[in-house]
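Peer 1: Okay, here's what each chain looks like letter by letter:
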Amino acid sequence: MNIFGRLHWDDLKLWEVFHDFSIDSLVASGAAWGAVFAFVALIGWITYLGRWGWLYREWLTTVDHKKIGIMYMIMGFVMFARGIAEGVAMRSHQATALDGGVLSAYHYAELFSTHGTIMIFFVAMPFINGFINYLVPLQIGSRDMAFPMLNQISLALTATGAALCMISLVVGAFETGGWTAYPPFTSAAFDPGPGPDYWVWAIAISGFGSTFSGINYSVTIYKMRAPGMKFMFMPVFTWTALCTGILMTFALPPLTVAAIMQALDRYLDFHFFTNDLGGNMMNYANLFWMFGHPEVYILILPAYGIFSELVSTFGAKRIYGYTSLVIATMSIAVLSFMVWLHHFFTMGNSATVNVAFGIATGLIAIPTGVKVYVWMTTLWRGRIRFTVPIVYMAGFLILFTIGGFSGIILANPSINWQVHNTQFVVAHFHNVLLPGLLFGTLAGVHIWFPKAFGFRLDERAGKITAMLWIVGFCLTFLPLYVVGLMGYPRRSAAFDDPAFVPYMIVCVIGAFILLTAFAGLFATLYISIRNRDRLAVPLGDPWDGRTLEWATPSPPPPWNFPVIPEVVSRDAFAKEKSEGRPYVLPPEYRDIHLPPPTAAGLVIFLATTAFGFAMTWYMWWLAILSVVVVIGWLVMRSFREHEEVVIPAVEVRRVNNAWIEAIQLGKGVNRDHETSSANRGYAASDYLKEGA
Amino acid sequence: MSQVEQNVHPGMNLGYSGDTKHAEVNVFGFWLFLMSDLVTFGIVFAVFGTMTGATAGGPGPEEVTNLHSIALQTALLLGSSFGFSWASLSMKYHDERWRTLGWLAIAATSALGFLVIEFIDFLHWIEIGAVPQRSGYLSALWALVGLHGLHVTAGLLWMGTITAQILRFGLTDKVKSRVTRMGLYWHFLDVVWVGIFSMVFLAGVA
Ligand code: HEM
Ligand SMILES: [Cu+2]
Numbered sequence: 000m001n002i003f004g005r006l007h008w009d010d011l012k013l014w015e016v017f018h019d020f021s022i023d024s025l026v027a028s029g030a031a032w033g034a035v036f037a038f039v040a041l042i043g044w045i046t047y048l049g050r051w052g053w054l055y056r057e058w059l060t061t062v063d064h065k066k067i068g069i070m071y072m073i074m075g076f077v078m079f080a081r082g083i084a085e086g087v088a089m090r091s092h093q094a095t096a097l098d099g100g101v102l103s104a105y106h107y108a109e110l111f112s113t114h115g116t117i118m119i120f121f122v123a124m125p126f127i128n129g130f131i132n133y134l135v136p137l138q139i140g141s142r143d144m145a146f147p148m149l150n151q152i153s154l155a156l157t158a159t160g161a162a163l164c165m166i167s168l169v170v171g172a173f174e175t176g177g178w179t180a181y182p183p184f185t186s187a188a189f190d191p192g193p194g195p196d197y198w199v200w201a202i203a204i205s206g207f208g209s210t211f212s213g214i215n216y217s218v219t220i221y222k223m224r225a226p227g228m229k230f231m232f233m234p235v236f237t238w239t240a241l242c243t244g245i246l247m248t249f250a251l252p253p254l255t256v257a258a259i260m261q262a263l264d265r266y267l268d269f270h271f272f273t274n275d276l277g278g279n280m281m282n283y284a285n286l287f288w289m290f291g292h293p294e295v296y297i298l299i300l301p302a303y304g305i306f307s308e309l310v311s312t313f314g315a316k317r318i319y320g321y322t323s324l325v326i327a328t329m330s331i332a333v334l335s336f337m338v339w340l341h342h343f344f345t346m347g348n349s350a351t352v353n354v355a356f357g358i359a360t361g362l363i364a365i366p367t368g369v370k371v372y373v374w375m376t377t378l379w380r381g382r383i384r385f386t387v388p389i390v391y392m393a394g395f396l397i398l399f400t401i402g403g404f405s406g407i408i409l410a411n412p413s414i415n416w417q418v419h420n421t422q423f424v425v426a427h428f429h430n431v432l433l434p435g436l437l438f439g440t441l442a443g444v445h446i447w448f449p450k451a452f453g454f455r456l457d458e459r460a461g462k463i464t465a466m467l468w469i470v471g472f473c474l475t476f477l478p479l480y481v482v483g484l485m486g487y488p489r490r491s492a493a494f495d496d497p498a499f500v501p502y503m504i505v506c507v508i509g510a511f512i513l514l515t516a517f518a519g520l521f522a523t524l525y526i527s528i529r530n531r532d533r534l535a536v537p538l539g540d541p542w543d544g545r546t547l548e549w550a551t552p553s554p555p556p557p558w559n560f561p562v563i564p565e566v567v568s569r570d571a572f573a574k575e576k577s578e579g580r581p582y583v584l585p586p587e588y589r590d591i592h593l594p595p596p597t598a599a600g601l602v603i604f605l606a607t608t609a610f611g612f613a614m615t616w617y618m619w620w621l622a623i624l625s626v627v628v629v630i631g632w633l634v635m636r637s638f639r640e641h642e643e644v645v646i647p648a649v650e651v652r653r654v655n656n657a658w659i660e661a662i663q664l665g666k667g668v669n670r671d672h673e674t675s676s677a678n679r680g681y682a683a684s685d686y687l688k689e690g691a
Numbered sequence: 000m001s002q003v004e005q006n007v008h009p010g011m012n013l014g015y016s017g018d019t020k021h022a023e024v025n026v027f028g029f030w031l032f033l034m035s036d037l038v039t040f041g042i043v044f045a046v047f048g049t050m051t052g053a054t055a056g057g058p059g060p061e062e063v064t065n066l067h068s069i070a071l072q073t074a075l076l077l078g079s080s081f082g083f084s085w086a087s088l089s090m091k092y093h094d095e096r097w098r099t100l101g102w103l104a105i106a107a108t109s110a111l112g113f114l115v116i117e118f119i120d121f122l123h124w125i126e127i128g129a130v131p132q133r134s135g136y137l138s139a140l141w142a143l144v145g146l147h148g149l150h151v152t153a154g155l156l157w158m159g160t161i162t163a164q165i166l167r168f169g170l171t172d173k174v175k176s177r178v179t180r181m182g183l184y185w186h187f188l189d190v191v192w193v194g195i196f197s198m199v200f201l202a203g204v205a
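First to last, the protein sequences are chains A and B. Its first residue numbered 0, the first sequence is counted upward by one per residue in numbering that gives the first Met the number 0. Its first residue numbered 0, the second sequence is counted upward by one per residue in numbering that gives the first Met the number 0.
So that you can see chain B by itself, here it is in the shape it has in the complex (with noise of 0.2 Å):
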């Protein structure tokens, strides 16, 4: 193998070399656009910081904090990151593709009840009032709440979109290295909701 093949950089590279070589590029890119959506979601959080005690005389942190809904939607969420865990090791050692199907479909099914939990809960918050138009704090809630709703709902017709191509081609090395990308996502997902869960709800009624 020539010089150029081979990878003479300092740090980053894992030394791999062709099209593999491109994958780490792939999942490299992908690594500053999850820091990049960090950021996004640290200004969305530090805005609610600012903002929880402008409940302006409407709904505040007991009102609209359902523990017994938070932890089942927890469970639900970390279940499907789990499951995804289980896809991506079927998909490492087994190669083998109704295997990592059937994870994909587990994980898919739990953050989908995840998603109807939390649609459940932003019905009652309306019954009672607790709609963004209310207040700041309310604004701030339902903004952070909810883009982190609508990534698990992007995360969820990117699985579909996956789920049928590996249908469609098989586990091949573009299809893997989707899944490795969509896996950090998911996890990523998980990590803001902890910081949701705790920073917003438990830290809320706490």
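Next comes chain A alone, as it looks inside the complex (with noise of 0.2 Å):
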């Protein structure tokens, strides 16, 4: 037997163009070359810089919420660059797609399908994850995640599964199915090579990933609250990571059930989903909604959460209406799992079904709708500044609400059998997902990176950035809603009506509008950092914050809270602050207890992904290998003793001291001069009158 499988030397896509060399090989053997250079540059680096030491135990064994929730957001922003340079082949291979279009349509498959499954799994879930994990611990007044090595274990597996993607990208094909992966197409009849089994392990294994965090998240937020933060006292924000954890909890089994079924057809030659003997696609397409719909709002509610958290902070109000806001989110958290067949109106169901979907999905607009008036009457008559994230929450409301009533159009099936599988689905999905999940995302950047680097960003930078992000969407996706109703169809590599080309044209130019907008953001933060010190924050609260998050340090130090804090209200820190009693000391200080440093995140990375590498490619003896190691270290790491890292009273006295005494030598900075140099994160509050 070869050690090897079924790899050979022209597996590696890097030959592909000098082999036969064509347009449609040069994108696809320079995107490998690409991702091997900056592998290999970044290793390099690393080397050149001797952090080899650091980034091992500072980063990669580290348990601290806040920095695995920093790894996700550069997980997010590495694979995001894929992403959207696939996005953009796209749009530039259809400018040109009348009848044919620069690259093959093999290729053009594989794009959508990396593109489609990279987006939604391997950035937009890394966003949200990277946001609960910075976020929760800290607004519910916790040093950490309930499970704070389990939170590690996560975000390991979410990297496995992303890893594995990178890994096709240059070793072998990606599946053409879509990031839905439709069985039979995906079957083994049909393509029985390494595409589809890429797919199978990156969800099956990341899968697994966001359950446990899931789980995590619930925990903590059910347990590890401050004493007297009751459940209607936490911030919003936190409100919808408890309903992404429940979902995350619940959603994501039916996932990896379909993935594993789905690779027990291709491996042992099963009949779960193959078209003879019994098998029956439908079961995979209803489990693949079942998860696939409540995904949907895992990844929007924790954005809910930021845009709700954003009008007050820069309304300079309470937020109006927060019971509404709770029983909305709570609403859709449940509502999402009772919709999921409106992905397949067109699959043979009967009218009544397919009816009693639909209203069931229009439902969902009631507690949207309550939302979006809540954050509109929160801004009504607020203070609003108009930073960074108010240009974002603006192209929010209005973009999004226009996504929001294509979905309402959509959710009616005798108008869904019209535009079904059209570009219309597009410009809706995008239209919710871009305003949506990536402008919470970067408002949410905007807002919360002083608080976890210690400086803010440069607003002018972030604002032509915004506007960027705002006008390329509108170009980019917008024409869509036309081109599908006049039927072309979503998923296809060419069309024959030269009506679309002018439409097509457009889209490209937005598409290079979204590319300028992400680099924008590097130079953003390249201009915020060479400006840092005029932008430093260090006393943390720069925004005049409501929740706990703003009464620590920027950077937090990492254990949170010098003591647990008490909580006796909603916006706890608003409170303390309008009642003149922010930043006391502690009568009395304690040694701290963190959990210590662990690898094991690292080796289960490791194993995993010699897991997913070795199946897709049937190296038994390799994954036989990384299935002992990870069930072998499990065991007898469950042998260690206990072991803590004890921070002595004294160091956080020290730390705790020397902060309080810099911000009482500070003089608070009001609201006109937030973005000034003057602002070093110690506002002076001065909220609109509340009543109460």
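Rather than coming from a laboratory, the hints here were simulated on the basis of the structure. Just so it is clear, the structure is predicted and the values come from calculations on it, not from any experiment. Since no wrong hints were added, every one of them can be taken at face value.
Okay, derived cross-link-like pairs now, SDA-like style, lysine to any residue, Cα gap no bigger than 20 Å in a straight line: (1) B:K173 <-> A:E643; (2) B:K173 <-> A:W632; (3) A:K462 <-> A:S675; (4) B:K173 <-> A:R639; (5) B:K91 <-> B:L183; (6) B:K175 <-> A:F638; (7) B:K175 <-> A:R639; (8) A:K666 <-> A:S676; (9) B:K175 <-> B:V24; (10) B:K175 <-> A:S637; (11) A:K66 <-> A:Y55; (12) B:K173 <-> B:L183; (13) A:K66 <-> A:P537; (14) B:K173 <-> A:P594; (15) B:K173 <-> A:M635; (16) B:K91 <-> B:F168; (17) A:K574 <-> A:N669; (18) B:K175 <-> A:M635; (19) B:K175 <-> B:F27; (20) A:K229 <-> B:F27; (21) A:K574 <-> A:L584; (22) A:K229 <-> A:E565; (23) A:K574 <-> A:I662; (24) B:K173 <-> A:S637; (25) A:K574 <-> A:G381.
Relying on the hints, combine the two individually framed chains into one complex.
Peer 2: Here is the structure:
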């Protein structure tokens, strides 16, 4: 038996362009070379800086929720670079796709499959996991997640999925059935190659990670809240994180089961979803969307949470209608499990069933509408500052509403029959994902970046970038509504109606603007790092924040809070400020116990990546070895004595007293000077009069 | 005791503090895991439900159901759960390691018996051509029964680890907390088995 299984030299995409030169192979090989170069350059750079030890100690083995959150965000942005490049490649192709196009149909299919898979699982999911990880323990006044090591393992499992997608770019191929990977199109009979196998293992392995994350978030929010923090005192973002945690716990198993059943069909010749011998593809469609629909709420709810925090912070008002916001969030979470069938109205359901699911889908508009009104009424007569987050918010409010309306249109089964699988659908989901999830993420980065790194991001660069995102989005995706209604099918490499051409040209221009916007993010970062002294806000509260995460220095110490705060109301920090007693020295300090660093995540990452790769290429020995390593390592570890890192009380006192002293020496900055260099993170609270 | 160490949350909390508080967090987390696992089983059950007719002319429920063997398996698995309950009780009331270990050994032996008989059933299925490759129905059957069997196997491995930990550390708080969680898992597998036993085998031949 060959130790490399079915892997051959020819599977390396690097060579493709030399065997058979064309634009198509140039794009494929070029991407592969690009990935390899980027990887080698990264390794070389770290070696050159001599930072391996630091990387290992400070990041790769950490269990600090804040650092894990930051690593999720970095992973998301790295994968985002690839996802955007693919989007632009697809749009460029489509601009030339009248009766052909520059890429092969196969390559186009691979592109929308990796693009969709990566954007959903390895960009959007890491973004929301990043925010939840970073913010929740700080907002609820806790030192860490309920299960810090499990948290690290979840990150590792997500990274495994991302790594498998990246490997597929260089070695072998990806599947061509879209991010949903419907069998029997992805069955062994139709596509025996490695592509669907990469998909199966990337999804199944990262699916376990997400399930564990969901459990961890839920337990953290149920059990680790600071004393006195009742449910109805929790910040809105924490509420959305709780709902997302619950959704992840219950919605990911259907996906994992569907992926593993698909693997059984492919590897062991089972008949779950095959065409013959009693297989039933509709089971797959149901399982996938039983996950898939809640998934979109897993992604959007935390973004709603960010926007909710945003309107009250940058409107300088208490959130209007907190209770209705909480009820709306919960209703959406529950309803999201009852609508999955709207993804396949056309696949042979009875009219009655379609109607029932259509109505259920429409119902979600009610709580969503409540939210939109809550955000607007919070901003109404607020003391709004036109900072970067508000620019994103403005784009979000208008564009997301349009996206929501197109969703209502799609919820009607009879209309859906007309536009199903056209570009109309592509327009709809990009319309909710970009203005919703992506703008939320980017606004959130602007709000909490100073918390995480101690300096603000440059406002001007940030505003230009935000405008580029908004304009780029409109140009790239709004025309798709039109061509969709004109009958341009989705996932189609070519078209034959010249009427589409002008629209496709607008789209490709938009796509390049989006590419510029992506570059704008890095420009903003670069400019801000250069000016970090002027932008520094070490005192921790640059925006006159309302919730507990602003009551710590920036960046917060590893232990978050010197003593666990006691909470007596909603918006705990705003309350302290309004009563004129923020930043009090605690009467006494105690030793703080924190969980120790561990290599668990690293071991699991290496072993599961090896497993996924080995299964894809039929290297059975390696697959078995990696399973043995994971199980053996976990069993051995459970025998280790319980260790802790103890931070002595004097150290906590030193750090905390120095911070409070700096605040007492400083001068509070009011909102008019928020974006000037006078803002060192000590906000002079000037909230509008609040009725209690 | 300061306010900080008391639990002033409403609802779920049982009012423990200190180390026991973390045990409570662990147990609560484990309950959530079991609920998630229950969704997994529920889905495999549902798939099985849709595939009961999909025998494609191959062996059906009559051929794969051997009620004697199923009765014996049920007795052994329930017996194992029973043994585990005694292990938990003796841990709680006697706090004496050999007694707990004795019950654990009974629970493990009984579960091992279950697995052996299940394995013999599988061999028989292969013999009569009731392999998962034969039809959608058989794929779903093997997946459901196999998933449960895999859980039992993992549980045995876990029980072995706990046994070694009791020998090495004694009945420390940490070990006790693990036994508690293992108990939840073990009884959960019984509940699932009752589902399989009634919905797959009894309903299949009824
Ligand atoms: C930023 C620029 C982006 C561009 C230019 C772009 C472009 C495209 C294109 C051309 C398709 C394929 C349409 C088809 O032929 O059916 C597509 C599909 C898709 N995109 Fe994007 N996209 C972008 C961003 C995003 C983002 C941010 C997300 C999610 C967070 C996303 C999620 C998806 C998904 C899920 C699909 C469906 C894939 C499939 O058809 O199976 N995209 N996108
Ligand atoms: Cu949906």
